[in-house]
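4 protein chains.
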Amino acid sequence: MNFEFSFKELPAVMCGPRVERRRVLVGGSAFWGTMDDDGRLRLDDGRVLDAEGATYLPPVNPSKIIAVHISYSSRSFETRNKARPTETPTYFTKPATALNGHKGQILKPADCKYLNYEGEYAVVISRTCRNVTPDEAWDCIEGFCPALDMGLQDFRDTDQGSMLRVKGADTLLPIGPGIVRGVNLFEQTLRTYVNGLVVQEAHIGEETIWGPHYVIADIARHITLLPGDVILMGTPCHSRSVDPGQVVECEITGLGRVSGTVTAIDAPRAAALGVGHAPTDSPEVRRVALGFDERVPDRFKDNLRQAKEATR
Amino acid sequence: MNFEFSFKELPAVMCGPRVERRRVLVGGSAFWGTMDDDGRLRLDDGRVLDAEGATYLPPVNPSKIIAVHISYSSRSFETRNKARPTETPTYFTKPATALNGHKGQILKPADCKYLNYEGEYAVVISRTCRNVTPDEAWDCIEGFCPALDMGLQDFRDTDQGSMLRVKGADTLLPIGPGIVRGVNLFEQTLRTYVNGLVVQEAHIGEETIWGPHYVIADIARHITLLPGDVILMGTPCHSRSVDPGQVVECEITGLGRVSGTVTAIDAPRAAALGVGHAPTDSPEVRRVALGFDERVPDRFKDNLRQAKEATR
Amino acid sequence: MNFEFSFKELPAVMCGPRVERRRVLVGGSAFWGTMDDDGRLRLDDGRVLDAEGATYLPPVNPSKIIAVHISYSSRSFETRNKARPTETPTYFTKPATALNGHKGQILKPADCKYLNYEGEYAVVISRTCRNVTPDEAWDCIEGFCPALDMGLQDFRDTDQGSMLRVKGADTLLPIGPGIVRGVNLFEQTLRTYVNGLVVQEAHIGEETIWGPHYVIADIARHITLLPGDVILMGTPCHSRSVDPGQVVECEITGLGRVSGTVTAIDAPRAAALGVGHAPTDSPEVRRVALGFDERVPDRFKDNLRQAKEATR
Amino acid sequence: MNFEFSFKELPAVMCGPRVERRRVLVGGSAFWGTMDDDGRLRLDDGRVLDAEGATYLPPVNPSKIIAVHISYSSRSFETRNKARPTETPTYFTKPATALNGHKGQILKPADCKYLNYEGEYAVVISRTCRNVTPDEAWDCIEGFCPALDMGLQDFRDTDQGSMLRVKGADTLLPIGPGIVRGVNLFEQTLRTYVNGLVVQEAHIGEETIWGPHYVIADIARHITLLPGDVILMGTPCHSRSVDPGQVVECEITGLGRVSGTVTAIDAPRAAALGVGHAPTDSPEVRRVALGFDERVPDRFKDNLRQAKEATR
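Chains as they are written, first to last, in the numbering used here: chain H, 365 to 676; chain Y, 365 to 676; chain L, 365 to 676; chain C, 365 to 676.
Chain H with its partners taken away, still in its complex shape:
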C-alpha cells in the first residue's frame, strides 16, 4: 500500500461484520432495507424483496459531492506518465442533481459525442467534520458505495477546469446499489464493465495514492463536511467514451456493483438558440475522451472494442 498516512489498526468502518443498506422505491414510497446472506433485501418493515428486481434510489442524500481528480497510480501513469499526478490531491465538485441510482439511465444529449465512464468508490460522511487529522477522519465515515463518475467530455474546453458541464449534468453519478460498512476497502478490487466486459481494473490497496482518511483531512482543513456528504475517490486507467444502449457498471468487490444504461436525449432547446458553449470535438477533448491507449493494458481496449461492436 502506497497511500499516504497508513493506519495503525483497521478502522471500525472497515471491520466486520459486513452490513449493506439499500434504499428502494416501492410503489411511490422510499424504504430502507438490509441485504441478507441470501442476497435478498429485507426492508426494515419486514418485507423481503428480490434484490434483482427492485427499483433503486441513491443510498445517499448529500449537501455536497466532492471528487478527487486522480488517486490511482495507473490513471496517473496513463494521463501524466508518472505514478503520482501531483504532490497532493486536487478536487472538483458535482451537484446533487447529478445523483442516479442503481440501474439508472445515464443521459447523453444528441449533440454530444463523448460520455466517458470512470469507475470509482464513494465515501459517505457520518458526522460533521472540520479540522480533523487523517487518523480522526476514519470516525467520520458512514460507509462506502460503488459509483460511476460519468463525464460529458465534449465540454472539456469550457469551464476552465471546474468541469461543471463535463461532470455536473443530470444523471452523471450512478451510485449504489447500497452503502456498505465492515469491509476492508484496501483489500478490494475495482472493476468497470461495458456490456459485461471488464474495461477498468485496479486493486484498491495497491493503486491508491491517497486514502479516504487523507482526503477527508485535506478537504476538512477549510470546508466543513456534513453528515451525508459524498466524496468520490477517483478512477484507475482507461476511462473511455460509451454510447446509447451500452450498459456501464462499476463493481467494487465486497461492496457491490452499480449499473447504468446510456440513454439518448434531445439536445437542449437553448442550444438551438446558440446559448452557451457548444459541445466541441477539439484535440483537447479527444485527448481526454479517447485517452492514451499506449499506456493501458490491451485487454481493456480489446474488451471495450468488443463491447462496442456488439452494440452496433
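To be clear, the hints were calculated from the coordinates, so they are not data collected in a lab. Quick caveat: nothing in here was measured; it's all calculated off a predicted structure. Don't take every hint at face value.
Copies of the same chain look alike in the list, so a pair counts if it works inside one copy or between any two.
Said to hold, decoys possible - Under the rule of at most 25 angstroms between Cα atoms (straight-line distance), these lysine to aspartate or glutamate pairs were calculated in the DMTMM-like manner:
id: 1; residue 1: Lys665; residue 2: Glu570
id: 2; residue 1: Lys477; residue 2: Glu451
id: 3; residue 1: Lys477; residue 2: Asp408
id: 4; residue 1: Lys477; residue 2: Asp666
id: 5; residue 1: Lys446; residue 2: Glu648
id: 6; residue 1: Lys477; residue 2: Asp607
id: 7; residue 1: Lys477; residue 2: Glu648
id: 8; residue 1: Lys672; residue 2: Asp645
id: 9; residue 1: Lys477; residue 2: Asp630
id: 10; residue 1: Lys672; residue 2: Glu565
Given chain H, put chains Y, L and C in place with the hints provided.
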C-alpha cells in the same frame, strides 16, 4: 358556496391555463415534467413518457404536513349530525415519512383491521407565510394535488387525539399524480373509488366549510408555513376501511386521480414484545372506522360492499 | 428505576467520556464546536469562544419532532392521580418551525394568557430506524439535549387533542445549548427554573415511566425515524404559566441548561378578522394551565409565586 | 447594454414595487421579515426591528451554488486585455457551507496571505428549471441579493481550475442582507468597499456581458436548477486581497449592502502534519491575487491603499 371569507375575484392560482407538473423516477433519478394536452408527460429534458406507465414520486417535499379534521358539510353531518363540526377548523399533523406517490402501496400491518380511506385535496405552499389575512393567503399557494389521508383506525384509542399512529404511519399519504395550477377548485368534484367504484363524492364548492385561504390564514396566525409545506383539506362523508388487494383512488376533477393499493405487511417486531399500544377493536375504534351508515347515501355503501365482495 | 424494558449493560450513548457539541452563529455563519473542560466552546476551526456570550442555534435539524404526553410519575399523579397515566405511552407532534435555541425569545401573543413551561430532555436520532426492539433502539440515539416544551394553553379547547396550536407555534421549543453523549441519563436530575427559582424537579431514573429505548421502539413500529429526528420525553409535575419578561430554564444535570425569555408580540392580524379559534379562558383551559396545586410540592408553588412577584 | 439576449419588456421580477425580504436570528429562532419604507425590518409576526442592529442569516438555502467566472467587461479587460473573456460564459461552484450572512466574519487561516474580495450580485431560483430559453428563464428568478465571492488565492495552484479550496472554504460567501424583487437590475451600480472606501465600481447595465436569463438558460441546458439555488454573476475589475480587521462590503444600488469582517483563524491542524496542498506564494498566485494594476482605475487602487494603511 358556504365556505368562510369568499374572494372578490378568482385568485391567480385558480385562473387558467391549467398547468400540471409531475415528478417521476426514471431508472434511478428523479425528473420533473409537464402534462401535455394528449395526456403524455413531457419531462423538462425533452423526453416524452407514457404517463400511464410512469413510476411516480410524491410531487411535494414538505417540512410539515397539516390536516384539517373536518371541512366538508357531509362529513360533519355524518359524524356530528350537523352541518358544521365546530365553530372554527381544527387540525392534526402527519410526518413527511407518511408520503406516498401515485400507484403506491398503502401498508396495512397484520395486527390491524381498520385502514380507512379519506379522499382529499392538498394545498401546497409556495412561499414563507406567517400572519397573513385570508385574502393574502391565496398568493402563498403553489397548487393543488389529489390526496388520500389514510388512517389506521385500530389506534384510535391511543395518542389522546393527536392521531399520530392513526394517521402518521409510513405510506399513509398517497399524493399526486401531479401538482396543478389554473383550475377553479370550487367548481370541482371530489370522488373516492375502491376498486373503481365510487365510495365518496362531493362538490367542493358546495360542501366546503372553510376554504384553503381561510385555513392558511388560521394556521399562519402562530405557525410559519414554509415553501413546499402541505395542507390536507379534509374529506366528505363515508370514510371506511379497506383491505389488502383493494385499490383506493381519489379523483378531484380538473386535478387528477391518485391511487394506491392496500398491501399487507407483518406486525412489527416490537409488538410481539408487548411494546406500545396494541391495535384494538373497541367500540370507539369501530365507531370511527365503520362510520354512521344511516347518514350516508346508499350508493356509496352499495359500491363499497360490491368492491369488497369482488376482492374476496 | 421503574421504566419499561431496563437494559442489561449501560448503552454506549450513555458511557463516557462526556462529549457536548454546540452550534452557534458567529457573525452570519453557523459553526459547530465542542465544550472543553474549562467551560469554553472550541469551534472545530480552532477558535475558542466564551460559551456564556455565544449566540446559540438549535443543535438539531429534525424532519420530525414527536413528544410523549406523559412519562413522569409525578406528572401522571398530578394530572391523573395515579402513577401511570395510561397503559402505554401516547404522543403528539411539534413542527420544526417551533425550534428555538438557547437564550431564545419565547413568543406570547397579546391575546393569549397561558403560556406553560414543561422542562424535558430530548433524544436525537442518529440513524434511520424502523421496526426495532427496545434493546436495538439504543444504537439509534445520537445524544440528549435539555429542552422546554412550551405550550399556549389558551388553545386547549381546539384541535381535538392534537395540540397543534397549543404546542406548535413558532419558538415554543427551546433546545440546547448542546447535544450530549456519554452521560448516564438515568442518574440525572431535571430542574426547571423561573427567574432562577426551581419550579419543577425530578430524578430521571426514579420518575421515568418509559425510557427512550422503549419510546423509540414504540414509535418505530409504524413510523420511520430519520437521522436528526427529535423525541421529547415528557415533563414532571408542576407545568405552569409564565409571563413576558420571565426567564424559563430547563437543566438536566450532566447535559446542561437551556433558557428562554418570554416575549410579548401582537395578536395576529387574522385574529382581528375573526379567523380561527380565539384563545379562550375556559374551565378546561384553566384546569391544564393552572394544574392541580394540591398534588404538587409546596416549594415549587412558593418559588413560582416568588418569581412572578419579582417580575411585576 | 451589451449582454446577450436582451428582453422585449421588463421581466416581472424587475418591475416594482420593490420588496425586500430578510432573515434574522432573534434569540435562537430564525424569522423572516420585510423592510419598510423607513428602513425598519417588520418581522412577519408583527415585531419591528432596528435593521441596523439585527443578527442576519443568509436569505437563501440553496442545494447548489454556481458562479460565473467573468461576466463584466472591466474584469475581462483587466485579466484578459479584451472586453469578453471567452465566447461563452464559464462556471465554477461553491458548497453551501461557504454561506455567510450580512455582518459575518470572513475567515482567513493563519497560513494564507491572499484573501481576495469580489463584489457580485446573486440570482435566486424560484422554481424547478431545466431546458428553458433565456426568455423563459426570467420566470424562474425569485429575486436578487448583494454578495461577496471571497477567494483564498493562496490555493490558486491546486485543484486544476475547480477552485474548490480558493472559493469553497467556510464563510467565503457573504450574501444579503435581503433578497429583493421589483428592481431593474440593469439600471443599478455595483460597488465594493474596503473600510468604507470604494475599490470596485461598475454600472451593471453597461458592463454585463451575459445577463442572468442567459446564464440560467445556459446552465439549465444540462443541469436542473431547484428552488433556492443560487447563481453568482461575476465581479468587475479590481479584485484584491484584504487582511484581518478590514471590513469588506458589496453594495448593489436598489438591492442593498452586505458586509463582512476579515477575521484571522489558526492554520488547520492537518496542515501541520503536511496533509494537502500548502498555501503558496507563487507567481501565478500573485498574478491573480494582486491583479493587473495597469488596467484598473487609479481611484480604486488609491482607496484600497488608503484603507489598508488605516488598518495597520
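These are the hints, each one checked on the structure:
Proximity of Lys665 and Glu570 under a CA criterion of 25 angstroms is satisfied intra-copy only: 22 angstroms inside one chain copy versus 53 angstroms between copies. In this homomeric assembly, Lys477 and Glu451 come within 25 angstroms of each other (Cα to Cα) only across copies, at 21 angstroms, whereas the closest approach inside a single copy is 33 angstroms. In this assembly of identical chains, Lys477 and Asp408 lie within 25 angstroms of each other by CA distance solely across copies; the values are 21 angstroms between and 43 angstroms within a copy. Proximity of Lys477 to Asp666 under the C-alpha cut-off of 25 angstroms is restricted to the intra-copy arrangement: shortest distance 21 angstroms within a copy versus 51 angstroms between copies.
Taking CA atoms no more than 25 angstroms apart as the test, Lys446 paired with Glu648 passes in both settings, with 20 angstroms inside one copy and 24 angstroms between copies. Only within a single protomer do Lys477 and Asp607 lie at most 25 angstroms apart by alpha-carbon distance; the minimum there is 8 angstroms, versus 47 angstroms between protomers. Taking identical chains as interchangeable, the C-alpha atoms of Lys477 and Glu648 lie at most 25 angstroms apart only when both belong to the same chain, with a minimum of 14 angstroms there against 34 angstroms between chains. Taking CA atoms no more than 25 angstroms apart as the test, Lys672 paired with Asp645 passes inside one copy only; the shortest distance there is 20 angstroms, against 48 angstroms between copies.
Proximity of Lys477 and Asp630 under a CA criterion of 25 angstroms is satisfied intra-copy only: 13 angstroms inside one chain copy versus 47 angstroms between copies. Taking the closest pair of Cα atoms, Lys672 and Glu565 come within 25 angstroms of each other only inside a single copy of the chain (18 angstroms); across copies the shortest separation is 55 angstroms, beyond that limit.
The earlier numbered hints are all upheld by this structure, with none contradicted.
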